[in-house]
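*Asks:* Here is what each chain is made of, one letter per residue.
Protein chains: 4
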Amino acid sequence: MSGVGIWFIGARGSVATTTTVGLLAIRSRLAGHTGMVSELPEVAAAGLPSLDGVVVGGHEVAEGTLGKRAEELSAGGVFPPALATVLAGDLTAADERIRPGVAAGHGTQREAADRVEAELRAFRDEHGLDRVVVVDVSSTEPPAGDVPALATLAALEAALDAGESPLPGSSLYAYAAFRAGCPYVAFTPSPGPRVPAVSALALEQGVPWAGSDAKTGETLVKTVLGPMFAMRALKVRSWSSVNLLGGGDGQTLADPDNAASKIATKANGLESILGHPVDGPLHIDYVPDLGDWKTAWDLVSFEGFLGTRMSMQFTWSGCDSSLAAPLVLDLVRLVARAHEVGASGPVPEFGFFFKDPAASDVHALSRQWDALVSWCERAGRGAV
Amino acid sequence: MSGVGIWFIGARGSVATTTTVGLLAIRSRLAGHTGMVSELPEVAAAGLPSLDGVVVGGHEVAEGTLGKRAEELSAGGVFPPALATVLAGDLTAADERIRPGVAAGHGTQREAADRVEAELRAFRDEHGLDRVVVVDVSSTEPPAGDVPALATLAALEAALDAGESPLPGSSLYAYAAFRAGCPYVAFTPSPGPRVPAVSALALEQGVPWAGSDAKTGETLVKTVLGPMFAMRALKVRSWSSVNLLGGGDGQTLADPDNAASKIATKANGLESILGHPVDGPLHIDYVPDLGDWKTAWDLVSFEGFLGTRMSMQFTWSGCDSSLAAPLVLDLVRLVARAHEVGASGPVPEFGFFFKDPAASDVHALSRQWDALVSWCERAGRGAV
Amino acid sequence: MSGVGIWFIGARGSVATTTTVGLLAIRSRLAGHTGMVSELPEVAAAGLPSLDGVVVGGHEVAEGTLGKRAEELSAGGVFPPALATVLAGDLTAADERIRPGVAAGHGTQREAADRVEAELRAFRDEHGLDRVVVVDVSSTEPPAGDVPALATLAALEAALDAGESPLPGSSLYAYAAFRAGCPYVAFTPSPGPRVPAVSALALEQGVPWAGSDAKTGETLVKTVLGPMFAMRALKVRSWSSVNLLGGGDGQTLADPDNAASKIATKANGLESILGHPVDGPLHIDYVPDLGDWKTAWDLVSFEGFLGTRMSMQFTWSGCDSSLAAPLVLDLVRLVARAHEVGASGPVPEFGFFFKDPAASDVHALSRQWDALVSWCERAGRGAV
Amino acid sequence: MSGVGIWFIGARGSVATTTTVGLLAIRSRLAGHTGMVSELPEVAAAGLPSLDGVVVGGHEVAEGTLGKRAEELSAGGVFPPALATVLAGDLTAADERIRPGVAAGHGTQREAADRVEAELRAFRDEHGLDRVVVVDVSSTEPPAGDVPALATLAALEAALDAGESPLPGSSLYAYAAFRAGCPYVAFTPSPGPRVPAVSALALEQGVPWAGSDAKTGETLVKTVLGPMFAMRALKVRSWSSVNLLGGGDGQTLADPDNAASKIATKANGLESILGHPVDGPLHIDYVPDLGDWKTAWDLVSFEGFLGTRMSMQFTWSGCDSSLAAPLVLDLVRLVARAHEVGASGPVPEFGFFFKDPAASDVHALSRQWDALVSWCERAGRGAV
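Line by line, the protein sequences give chains G, W, V and E. With my numbering applied, the first sequence corresponds to residues 1 to 384, in that order. With my numbering applied, the second sequence corresponds to residues 1 to 384, in that order. With my numbering applied, the third sequence corresponds to residues 1 to 384, in that order. With my numbering applied, the fourth sequence corresponds to residues 1 to 384, in that order.
No lab work stands behind these hints, which were simulated from the structure alone. There is no bait here: all hints are sound.
Which residues of chain W face chain V? A partial, calculated answer using Cβ under 10 Å:
1. A75
2. G77
3. P80
4. P81
5. A82
6. Q313
7. T315
8. S317
We put the CB at the ideal spot given by N, CA and C, even for glycine.
All chains, please: the whole structure from these sequences, using the hints.
*Replies:* Set out below in structure tokens:
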């Protein structure tokens, strides 16, 4: 297999920039594969596309350049400054493939979707790519309400034809991607392909997608500690979580409306794993000083034999963009392979990567790993 | 199935006392099953013996009474003081079934083993028990050296016949237990049934055993966090561990010789899980002030994509006896069932409970759980 | 000096109950003075009243008895259950001295204040007390707004005469206390004696008071760590604080209006100590499971030489009532002594005990200690 | 005042290199004074020498260059890589003023001391300096034994004349420094000027010195938290400390003999502050992976009112060289000023900077600060 393109929604954001730098660095043998799940033998067994031929493009509403953004990120310790310098030329080339994102108030959503679809097709054709994976790494949007126009594909098409704008921004991109036959990765908790009308379109078009809301840090830890308590019959009484982060994501999440999506998907898994609701606050706070680094603190209060109360606490100090970027590459490869072998709609086995796994209610990481490995084994045989 | 006896080595220690109190409390409907793995449906499926008919006895070298020890433990917060009061009569009855342990320098090991074996048989006969499970919860001993007399059963028998004393204390009990046809649980890291001569005896006698060194706290956490890093291809660079504890176990482990057993089995699993050795100290410190409570702190330094360094730390504040006691009951039930269905020698599927699983090199908790559940499913059908 | 009474506002709350139990236990030689600042020689030098003759009474709006509340607190680990049992008789006697608190909607504030004043006078007379110290340990109220009727004593008296109800509940008690010539301790962040009209009354009546909002845990730590960073010229960039607590105080603070008082006084000191505003969230969360225990976690991000970023975090696991109770006894003794030696109005040197020290802008604990010790030395000579 | 020289023992070590880079950066207006106590107004009041004219030289036994070492440190995050690049020329110039250190086995200690003394005099003369402050930042040595030849200056001189080698390495440098009339800073716990014979020499020569073992992180925190517990009459029951570090200091301290000096001085202060011995381990572990960064974790278990047990834990994540370097500059300025105003022998008021303050048993940081500020005020008037 060859010729995969990545099309980022939010192409100059922290995650897209780190992913692009990483892709270029790996290809230039300036960096290894640490953090890339798709390089583990159990996952590589799926027959995944090489990173060598991957072309990057995308949409972006913000000003600036990939090179400038890479410098800022490296100054913040996300990757070594030398990488930004050495790869400056490649980053400029990638930057030229970035198109202006869809801005509110410029024409109808129908027009915007047509434009995005055309740009995706043009990108695929121009570079002779077998397939283009669209990856949403833009700012988190609020949850989509219960809008009639999003309930069915027919209702959506009618609303768009009527000049209405019912789609959340992320869902507009997903709609356009599916129309262009592009697989999709919903890396954020934004509605994206999850609104019913758009989800239906993916099935109709026969394109697979993965989502949503990548688990990169504190939630990842929860999905191994939660099962531990459950397997040992220890009763979790409260689980309090605090996330402090300073990057662009933090700023977006300082708006409670946007944070609602994130908090909902974060709280999700624990109750499912433990089999009962668990008390305790879940905070996401924007602390600009922390930059691209996130510090999360969790306190778990649990009860053991004869009612004895005990506790566990952990502090996670991670660099979000650095944790996210290799997963983007993993998901691009997996979704591309899923497309190649004919999968369509949400792939539940990719839930391993997500806080809110589409088409799955499995949250325990080891169960998700088993499912992923099994999928990869089948994909390796061309049968999923 | 009915009529199971538990015979503790170290019958008035913290773990045995808490287990005895818990068993009596559960039977009197004064306490529930929190912390008991054998009550989870996947494990109960094995067809485990009820706790209702279980009789407790044991050996003990220390003075005192179960009732007194229960009072001390409840004052230290291990269980509610009311339990010690209400169960005082039952504890006195159990205390009367405790026999003096084997003291060094009183006769030959042959004589001591004969005495223990006779006492086990007498206990089983007197109470009309189908089987008696011997559980070693006595103080940790140093690792057994490479002694010729322990290399084969024949060599051991010859040495004992010659009046020699080659057996570590824990192994003497295991030897006597197997001679009496009793299944065995090696709850501590002491050599016990793991010396080759004694291990061979178990097979010859057709009795199953489980071991060794129950994982109750910090190591338990390691065996879920370690796989998390591995599944995400994050490179653990150092893992530093500190265990502060004040109970009797802490005092024993303040002696570096005894701690050697413990430290060896604790360090064991992580390297196996990650696939490479990991730097970092592993301390076990005796802090009398902490009583039966243990505080462990771990710092994990890891590397992600493009070499970015991140870290995670956790603090575990647990009550060791309270965490251990329900596992003792679980293991008694499982080993009794294994005996009933004809298993013999170390049962690798019981590795779920141990830091140093006998006959197994699986350390990841979820893998161990899968193996345990599978064994229980087979045992439920009478076929292991 | 002899004959001091304590009159609690919130006499069956956690703090008042723990204080009462502690006072009785110390007097019966069942407990020592751990946690009591007034027993340190530098403070005792003030010539403080003995605890032996202290009589306890108070107001309470809630149902129940001191004895019942003591049982609940001891079950939650605040003090040994045996104390509640042994002191049951004394607690019943104390309970009989508790009067119904002022309930909203029962008559005018003038009538309520007159009733409270009369009860304070009656308590003092009946027990032949030299002085009665009123201590507010009731639930935290929202900040008082900028109300004209609270601006001056004359305006307040006119409003009360006119049948209006301008006073926050805590201020009504302070007003009545000052009218009765009773010194006062504002142990919570409620407005109490701090509204201008009531503060003026204290001066007019010549009674001293101390406040407000006792620092018992996380804030206490801040007031020693903050000066450390300042003295070392390290630049604190952000300080994030999370307080998880489950007691009655937690429940009250789950209401954002009430929490506003608390959060304002907590945030107060740090900026003053560091000399510049500091970024970072300050959360107070109600986690019922935690009972009377509070867990606080703070993350301090700071910058050192050449711009290097470093961090410190701490977790405080304390029992709020247990930390507060000895300070109540300390403050009663100190305020009583202040009254005896003729002090009037807020005593700035008692700021050592408070998050929001009245008549003082000193927050660094060691500076506050110096001031307290100096006051005690002067009081020991009868001259403050 | 003008013309101060710094002469480092260990001139290419992490601390000396960071100090040199910092000094040059400040002088070139490339960096500010964060972390420098001597820039706080209360300390600057002493009338301290400017950093502008300071010349750096020193002894070093290791190979390499300052420039190379600066590159390594900046790669490890100790300071921005750009500084090492910009200052490369200045670092080369400084490097040329570094002389080979005293190596064991090359001539007698008398000869070595004469050589060092001559080099110090030459450095002072060549650069026309008013005074040269010798700063020991070399590897920690074991404690000096109870050696007769070190007991008095006369005994020492006799032994040196007899060709003996009784002096620890650090003390040989201090001896030579005092002979040359140079003030001295014992930045490490090595014996240095503290052996009686050398200490006597300082007094005889009329030169001041400061020491020993700078408190930069975990111990610093202890000296503010310890007094907090004491001032609140809370009883510290155990205080457990773990220090994980990967730099050169860590490697030296991996040798238990060398660590003995460090551990002794670290444990010192707490007992003095609390007024009683405190249980709990104190570990210093070498974890190479951590580089120049140190992570320390402390668990404090304490008892409050009515015997209630509580705890506090903190984690300190600091860069040792970055914390140490500004203190070196502070101490150089203060010791130079002390020399100028005629102080002689150990200056107890400089204990603020040290774990094991010479000629002082004050450990509480705020008490030390008071003493320092008072000294500076007097020095500002020319009278200490």
